[in-house]
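If you read the sequences in order, they're chains A and B. Numbered by the numbering used here, the letters in the first sequence go through residues 1 to 566 in order. Numbered by the numbering used here, the letters in the second sequence go through residues 1 to 566 in order.
One or more of the hints may lead you astray.
Said to hold, decoys possible - Partial list, derived from the structure: chain B residues whose beta carbon lies under 10 Å from chain A:
| no. | residue |
| --- | --- |
| 1 | Gly34 |
| 2 | Gly193 |
| 3 | Ala543 |
| 4 | Asp547 |
To be verified - Simulated DEER-style distance windows between Cβ atoms:
| no. | chain 1 | residue 1 | chain 2 | residue 2 | range |
| --- | --- | --- | --- | --- | --- |
| 5 | A | Gly335 | B | Ser283 | 47 to 57 Å |
| 6 | A | Ser566 | B | Asp100 | 48 to 58 Å |
| 7 | B | Arg83 | A | Arg192 | 54 to 64 Å |
| 8 | A | Ser20 | B | Asp100 | 27 to 37 Å |
| 9 | A | Met284 | B | Gln504 | 48 to 58 Å |
If you're looking for bench data, these hints aren't it; they were derived computationally from the structure. Each residue gets a CB set at the ideal place from its N, CA and C atoms; glycine is no exception.
Number of protein chains: 2
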Amino acid sequence: MTPATQMPDTLTTDGADARSGVLQQALAAIAERGYWSRYPESPSPRVYGETAATEGKAAFEAYLGQRFPLEQPGTDGWVSTERNPYGFPLEIAYPHSDVDTLLAAAQAALPQWRQAGPHTRVDVCQRILDRLHEHVFELAYAVQFTTGQAFVMAFQAGGPHALDRGLEAVAYAYREMTRQAERVVWRKPAGRGTTVAVEKRYHIVPRGVALVIGCNTFPTWNAYPGLFASLATGNPVVIKPHPRAVLPLAITVRYARQVLTEAGFDPNLVTLAAQGPDEALASMLATRPEIRIIDYTGSTAYGQWLESHARQARVYTEKAGVNFVVIDSTDDVDGMFRNLAFSLTLYSGQMCTTPQNILIPRDGITTPNGRLSFAEVTDGIVAAVTALTREPARAVELTGAIVNEGVLERLERAATVGEVLLASRSVKHPQFTDATVRTPLIVRLDVADRDIYTAEWFGPISFMVSTDSTEQSLAVMCDTVREHGALTASVYATDPAVLEAAEQVAIDSGVHLSCNLTGGVFVNQSAAFSDFHATGANPAANATLVDAAFVADRFRVVQSRYPVAS
Amino acid sequence: MTPATQMPDTLTTDGADARSGVLQQALAAIAERGYWSRYPESPSPRVYGETAATEGKAAFEAYLGQRFPLEQPGTDGWVSTERNPYGFPLEIAYPHSDVDTLLAAAQAALPQWRQAGPHTRVDVCQRILDRLHEHVFELAYAVQFTTGQAFVMAFQAGGPHALDRGLEAVAYAYREMTRQAERVVWRKPAGRGTTVAVEKRYHIVPRGVALVIGCNTFPTWNAYPGLFASLATGNPVVIKPHPRAVLPLAITVRYARQVLTEAGFDPNLVTLAAQGPDEALASMLATRPEIRIIDYTGSTAYGQWLESHARQARVYTEKAGVNFVVIDSTDDVDGMFRNLAFSLTLYSGQMCTTPQNILIPRDGITTPNGRLSFAEVTDGIVAAVTALTREPARAVELTGAIVNEGVLERLERAATVGEVLLASRSVKHPQFTDATVRTPLIVRLDVADRDIYTAEWFGPISFMVSTDSTEQSLAVMCDTVREHGALTASVYATDPAVLEAAEQVAIDSGVHLSCNLTGGVFVNQSAAFSDFHATGANPAANATLVDAAFVADRFRVVQSRYPVAS
């Protein structure tokens, strides 16, 4: 019913040719960085068929109140930890595993998977991605009702965009694993016309069992790159989901195991490690000697803990940062207001890429119609956010719901740290009456309020910060990003010299920069195969999604050599 | 001094096209892994000209008893710490630097070097390599008289092979830095025939100042990969040589700074940090916040200290391991004896790749002439080593001199741990009467003496270990390599099943394997562009020389994007 089954028959041997063609396109895309996507992002029935959404919803609903259908080794109980931001109860129970048994099973699965080699592994990973895509609506509902995202976002970010990021990781893994010959006869001239000849073989050897620690807000999007990078390079993967967002990754594990089994591999190459209510499972797993790779998305404090304590593993972290917008001037005032308002409102600012600090000179900015004062700029942003969130039915499709209590607490606290320019309002969700929905809070600060705006305020919270000048704005951004990290930075300027200075600051502080976004491209969005997510060059992350460094150290090359007749 | 205007001239008048051709060959070589070398390894006058050796020797001798000609910022004194294993005094004084000044100078050099971009940086690195090659005899003598290597080895390993490894790192750096487009216009279909277009730029951004911590035995060979990988990717490099082997790296720094200056760059991109007698300079530098990359070769204990404490840096370590030979059977008994004897004798076993433990079934091995008993095998190896080292003049060209007191102490201790099959002898060096020369010690152990042979005994010390069977030999090797690490492993077997089992053990324990070496290829040697040195898959090293993972994380990509008319 979904295009994955309507497209090539991906699970038969002829499907392999089609997948190989897709891989070649993906390989071209990661080099050229132009637009390319494997999985259609529109949930429209014109793309996915008339019944796909209904079937996906039914599949999602079939999980509710049940034990999740997952047979894994060492199941010693069932745990249920999720709370749906939209209110209605999920009450899904997940198998809880004895860690010794689970890790032993993962280790036991490794040799056959290693032996299969890069080409087969990459093909099987593509089959898993295609299988997940067949269940993309099921995934989308699971993401929506664990993260609080609105449906379209849950579909796009949780489905096609996550799958594209996974495929991107697979493509990088393929490229790195095949970067040298598998074997060669090395012939060295040895004088007087003689030659020494040695046959050499190069084996791709995985590091060992990999751990993916999922996050609450983007359970699939943030997990798939690490999952598929590790799996494609030969490492069994244990997925430890956030206790509030288990279902999307449980579904992922379910279908991954299905494909692995169909392909003749041990399903324990991908397992779920669901956490009990009073269990520090991530820390326990992360420091086990069997775990050789860790991918983590979440708080800075815990990311730093992992980097310090999981010394036996290669640790890839995406932590938190403080994202900046620097406004100097614009030739499209309304476009800028609309664009920023959308970025602040989308998923209630609960994205690691949402701008937090909007820096504006206290004497205002230059526009085609003359200068706008600081107050006129902040009024414009406030009006644009208000317009976007006025109608509840429209508002909730942008804001989604609040993912957890922590965000609400921060919202209250943030309203006390400065002059409130726009208060956060509760919105009654027309469909889910128990959903917790809030509109963005906008607070005015001054550049002197450094202690406030250099901390991360995750949620629908942003600060309009008055500065002495754009030069000061850029300097503050540079220093703060270097010290506290950032996932995104954005600048509005008409003067090429200012844009150049901003670009220099972005390079110096190691943050991706978006310039003069006034239309349908938003600073908080990044496109697989073209945009890198995070840089690894500032404290917000030690890696990027996805580049060669993200995959190149997940395996090693072990060489054997044999003299042969020359 | 604005390189942007000077550089094109310099490059076009200075063989840039030829270097570009060399780079293309190097890029092909690292992919194909066949034999390729840029710098001729024979010191013969037919290759290097009649006067090269004499001139190089004169250049070396001109350094003796002098202040080394290096003008660096922050010089606050002069230090002299070397002791020549060949006896005659060097008494060269090196500038000692104030660390704050030195690091500030390195940081100040970064922006211009970053701005120059990958192509120019790679070209300048190639020029440095070529310049060092012009002084290869000077380097060779410096290596010989700080490490104790015999001349030919000092020339080859210290000169052409080190330069080849440096070029290999440059080629990998080039490939990784140019793996994606520098800019693209991303055009995404936006429905109804419209397109969203965004121009994207991808900037290669270095991590920051890099530190190379040199070793005593292979000061250039082990330093050049890290030096050139960091430099090519845009990072200024501070070189902290081993206090006993400063000269080879001081010469390296001297000529690197010369080329950088000629090319219009800040010479402080490469600096020497010479250590005073009572100074923990490596630890002090390694934990400075400015240091973002560290390359280290040396002891396991200190490598682990670095990995644990230099948390602000990406740390690449080559530590120590316990190398194995497993003998099961051979169809060339004498070839095996000769080959092993050479490997044990070469540079008095002072290579991280020298075999230490030779595992032989206690009931002997299979040969074309029937079985050889355990004693016949060890006798054969002993006889071959004795033959190689009988004539002092010939012996010293293989053994070189003992690098430091630690080796002598271990030699004495090792003679007490088991039955001595071959005692180590002092040899009078015909040319350098004060040189400390020792022949190899061979000690018999049993597989039960685990505590002895699982430790590293660096120097001309090897153990002939009796085992129950080849199966047990392989199991002992597997367990020991996993726990203690290894740089090399070697097997002699005629049965394909045994070779296959050995290869499986090598893969399982993550160590490079050489099979049935009986001719002119030795287990302790690895060839740039074809052999990987270390795997990063066992405790002996966390990286390999050289692969993509060794360079890919030394820089990051920072992206900027601008909407453009579609």
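We went through each hint and held it up to the structure:
no., hint, in the structure
1, Gly34, "holds, 5 Å"
2, Gly193, "violated, 15 Å"
3, Ala543, "holds, 8 Å"
4, Asp547, "holds, 6 Å"
5, A:Gly335 with B:Ser283: 47 to 57 Å, "holds, 54 Å"
6, A:Ser566 with B:Asp100: 48 to 58 Å, "holds, 57 Å"
7, B:Arg83 with A:Arg192: 54 to 64 Å, "violated, 41 Å"
8, A:Ser20 with B:Asp100: 27 to 37 Å, "violated, 56 Å"
9, A:Met284 with B:Gln504: 48 to 58 Å, "violated, 31 Å"
Violated hints for the displayed structure, listed by number in ascending order: 2, 7, 8, 9.
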